[in-house]
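Q: Please assemble the complex out of the two chains, which come individually in their own frames, going by the hints.
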Amino acid sequence: MKAVERTVMILKVEVSVDPKCIEPKVTIHTAEMTDEIEHLMHCIASAGIHTLSVLSDRGVEFVNCQDIVRIYTEQKKVFVQTLTGIYTVRLRLYELEERLNMQIFVRISNAEIVNRHMIKRMDISRTGTIGVELVGNINTYASRRYVTKIKKQLGL
Amino acid sequence: MHKDILIRIVGGFGIGVTLGLLVQFFVAMGIEQEGYAWVVPEFQAFFPSEAIAIIAQILLTGLIGITFALAAQFFEIARWGMLKQYIVHFAVTAIVWIPIVMTLWMPKTMANVFSLLASFLGTYVMTWLLQYTFSKRDIEQINAMLKKEGELHDN
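Residue numbers (the numbering used here), protein chains in the order written: chain A, 1 to 156; chain B, 1 to 155.
In isolation and in its complexed conformation, chain B is listed as follows (with noise of 0.2 angstroms):
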């Protein structure tokens, strides 16, 4: 059970602190400056140097990774059910990232905000409905074969 949770820490800041990486690729191609952004530059400021700056950075992603790592134990809670394990992972994990990706790349507008949480819930939303949808099915054939496996045993 450690090991397991241990693994999950390790990977999820891996996978967090790759997509940081690759968020940050497409972020520094709208910056305009010498060289490659490795942060962006409002980001830097609140840093002596860029090298403690990106070691920030990779700390901050990873910790988002870590988070989503161990969010993801929310959804073995069978007795919750589907809407109370979407409501509580999208909670827990949306007090760690909003912040941090508010402070790392710092959208400019507030559409750019609204469209950052929008299709963040979107997603909750569009993959909760499919979901449901499927288990709804799954349950219909599974009760559909248990009643004619006890029709056969009843004869």
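Bound conformation, chain A alone (with noise of 0.2 angstroms):
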């Protein structure tokens, strides 16, 4: 009988709005420690880190960290693009920054931060204008200030 209250989890979700909450916090109530507790605590504990709310004409989408090519700004909007589409967020460059695993991702130019496994190859054209080629045929830009920190990023 207790087996099989195990498996079929039945939680109840509740949450408390206070303004006074600077830092969302989860709680989950539990007479004993199980393994399905404890698969869900790594659930929420990760969900935040490796995964991103962005939105698009369907409505706020998750979208996983590692599939991100690119984010970067254009008129004042900020937009995230993977491989299967480009979504908008509502937060700034520097925010990201602060939220994003920066092992993953490196700013490249004011306006951009790409992921650094997306990075197929770089090159300088004659006037000197630092290109970026990313996976999915995506070609940016980079500025000069930003290729010695590209450099680091890759352990050079």
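No wet-lab data here; the hints were simulated from the structure.
Ideal Cβ placement from N, Cα and C applies to all residues, glycine included.
One or more hints might be untrue.
Unchecked claim - Covered by chain B, per the in silico footprint, the following chain A stretches (three or more residues, Cβ under 8 angstroms):
no., segment
1, 22-32
2, 57-66
3, 111-124
As the list claims (entries may be wrong) - Chain A side only, calculated, beta carbon under 8 angstroms to chain B, not exhaustive:
no., residue
4, R99
5, T127
6, Y141
7, A142
8, S143
A: Put into structure tokens, the structure is as follows:
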């Protein structure tokens, strides 16, 4: 009987809105520590770091940070591009920089952050334009100032 | 963003005025007159009093500082590339600083004017060449690293 109860975990979810609460916190009330509870804890903890809520014409969606190719500003709006689509986010670039895992992401210009695993190669034209070729045939530009940061990110 | 621009304007003004006072210090050493020459006599002649001339000089040198502080933003426009960044930066700042410097300190010979322009232009060319060389080397290193990582993934 008890085993059945564990596999079908019925959860009551409650949200309390309190303006005084600066950092959101999740508490799980349970009679005992089970594998399910532990799994739940992991899911909640990693959801904040590994996913990003974005906006598309279908409404709010969640993208896996690993799937993000680049995040860029255009006409004061911030866009998140994955291999499957382009979304908008309400956060500013510097706020995303604080939130994202900067082991994976790297700033390449004032207006852009890219996923370092998505960089295929870089080049410099004769007039000094620094090009960045990303996965999915996406071409963009880096500022001279940030090239040193990219180097550091790659462990050079 | 607006705050950033404001900081640039204020900081640029301060640096411009400070450097202006420093230049004036060296120029004043070559002027023979009683007491310290806060402005050159030729510049002061435009104004009814020395105090007004000094204020004008402070405002003008501050303006040069603001121009340079704001023009630095051209280097953030990544898609322009370094050549365009440097040319636009040179053109925009030169329009402001050349007339001001000529009015404030009035180089007397053509040789002076020429050496002023040549040193300014020379600095740009040197910096551009260095930046380009460094960037090229950096990018070669980055590509080598990316290639190595790519091969590791394939295996």
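Q: A separate judgement is required for each hint: does it hold in the structure or not?
A: To see whether the hints hold, each was checked on the structure:
1. 22-32: With 0 residues in contact (Cβ-Cβ under 8 angstroms with chain B), the coverage given for the segment 22-32 of chain A is violated.
2. 57-66: Three-residue rule not met by the segment 57-66 of chain A, so violated; n is 0.
3. 111-124: With 8 residues closer than 8 angstroms to chain B, the segment 111-124 of chain A meets the three-residue bar; holds.
4. R99: For R99(A), the interface hint is violated, since the closest Cβ of chain B sits about 19 angstroms away, which is over 8 angstroms.
5. T127: holds, 4 angstroms
6. Y141: Nearest chain B Cβ about 4 angstroms off; hint holds.
7. A142: holds, 6 angstroms
8. S143: This hint holds: S143(A) lies near chain B, its Cβ roughly 5 angstroms from the closest one there, short of 8 angstroms.
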